[in-house]
Amino acid sequence: MGKKSKDRRTELEKKAKELFFEMDDGTKVRVLDFNLTNKPNKYTLFFIPGFITVFQSWHKAIEILSKDFRIYYFESREKFSSVIPDRKVKRRITFEKMAHDIKEVIEQMNLDGTHYITVCSSTGGTIEAIALSNDWLNPKGAVMVGPTIIYHVSILATSFIRIVPAFLKQLVMPIVKWYITKVYVDKNAEPEQLVKYVRAVEEADLIKIRRPVTKMRKKNIQHLLPKVKARTYMIGASTDKMHAAEETLENSKLMPNAKYIDLLSNKAAHEQPLVDVIFEFIQELENA
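Residue numbering for the sequence shown follows our numbering, starting at 28 and increasing by one per position.
If you are wondering where the hints come from, they were derived from the structure by calculation, not from laboratory data. Here a beta-carbon is modelled for each residue, glycine too, at the ideal position from N, C-alpha and C. You may find that some hints are simply not true.
[To be verified] Straight-line C-alpha distance at most 30 Å; calculated DSBU-like pairs for lysine-lysine:
hint, residue 1, residue 2
1, Lys256, Lys115
2, Lys117, Lys55
3, Lys280, Lys94
[Stated by the list, open to error] Between beta-carbon pairs, the in silico distance windows are:
hint, residue 1, residue 2, range
4, Lys246, Asp52, 29 to 37 Å
5, Lys44, Pro253, 34 to 42 Å
6, Phe47, Lys94, 22 to 30 Å
7, Lys69, Leu183, 46 to 54 Å
8, Leu281, Glu230, 32 to 40 Å
9, Asn284, Lys94, 36 to 44 Å
10, Lys69, Leu198, 47 to 55 Å
11, Ile91, Arg114, 37 to 45 Å
12, Glu313, Glu219, 45 to 53 Å
13, Thr121, Thr141, 36 to 44 Å
With the hints as constraints, model all of the structure from the sequences given.
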């Protein structure tokens, strides 16, 4: 018998109902349903986390918001939770396919036409921008936290992912952790962010992520932003190295219905300050 994998879920995560939705190619993606309040706000929140993001990244915000909202937490197909029918489909994961998965899930859940707001971050912003620009979904509004629109991934990183066999993953983990601390995360200022990124890498399926990562080096979807019609709050975190706030500000200017807000830190953008912004956004939607 194989070794049983460690249950890394938080207590909050365990309270969610697991929903699986089958896509047109047979892939099944998971959505966590947090239905924890007896008197939910009329708005439903649909979270679209970033690339191989682990739940802990959104734990604090969802813990607070779940007291007032029904929350759906969508996990795109590159994450460990997806069930992919064969190796061929695994190797063909693209941002566009991940974006289309949002469309299929929203349709199967019958959310369009209801009061729902999307909350995305990082690469979740990439795939949501693709989906919104194609009119694949129609939320009442969108909150985008440090959405990645232009990628700045080194040839070293993409080459590394391309050539390392999946079975050697554990051997190269120390190198990956070193790269994260040197390039992306200030481990002294926000140590909890480092823990989340390292765990995300540890849980990553190299076969699933290989193609998307190799395509990141030249990925730029700025041309799609003028097509995003949804009323949007673009959230920057000017002290966070992973998600450039200057780019978020510039990208917000390309969108016809976007407003830029700087929450300064990645921590604030995933905790109470963001919750306050979401309530402010809802009030703005109600007054529109």
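Now for the hints, and whether the structure bears them out:
1. At most 30 Å may separate the alpha-carbon atoms for a hinted pair to count; Lys256 and Lys115 exceed this at roughly 35 Å.
2. A C-alpha spacing of about 12 Å is found between Lys117 and Lys55, which places the hinted pair at or below 30 Å, so the restraint holds.
3. With a C-alpha separation of about 33 Å, the suggested pair Lys280 and Lys94 falls outside the 30 Å cut-off, and the hint is violated.
4. Between Lys246 and Asp52 the beta carbons are some 22 Å apart, a value that contradicts the proposed interval 29 to 37 Å.
5. Our hint of 34 to 42 Å for Lys44 and Pro253 holds, since their Cβ atoms are close to 38 Å apart.
6. Distance hint for Phe47 and Lys94: a CB-CB separation of about 26 Å, consistent with the stated range 22 to 30 Å.
7. Checking the proposed 46 to 54 Å range against Lys69 and Leu183 shows it holds: the Cβ atoms sit about 48 Å from each other.
8. Evaluation of the 32 to 40 Å hint for Leu281 and Glu230 yields a pass: the beta carbon distance comes to about 34 Å.
9. Between Asn284 and Lys94 the Cβ separation comes to about 29 Å, which falls outside the hinted range of 36 to 44 Å.
10. Distance hint check for Lys69 and Leu198: the Cβ-Cβ separation is about 51 Å, which falls inside the suggested range of 47 to 55 Å.
11. A beta carbon spacing of about 40 Å between Ile91 and Arg114 agrees with the range 37 to 45 Å that was offered as a hint.
12. As the Cβ distance of Glu313 to Glu219 is approximately 34 Å, the hint placing it in 45 to 53 Å is violated.
13. The hint said 36 to 44 Å for the Cβ distance between Thr121 and Thr141, and at roughly 29 Å that hint is violated.
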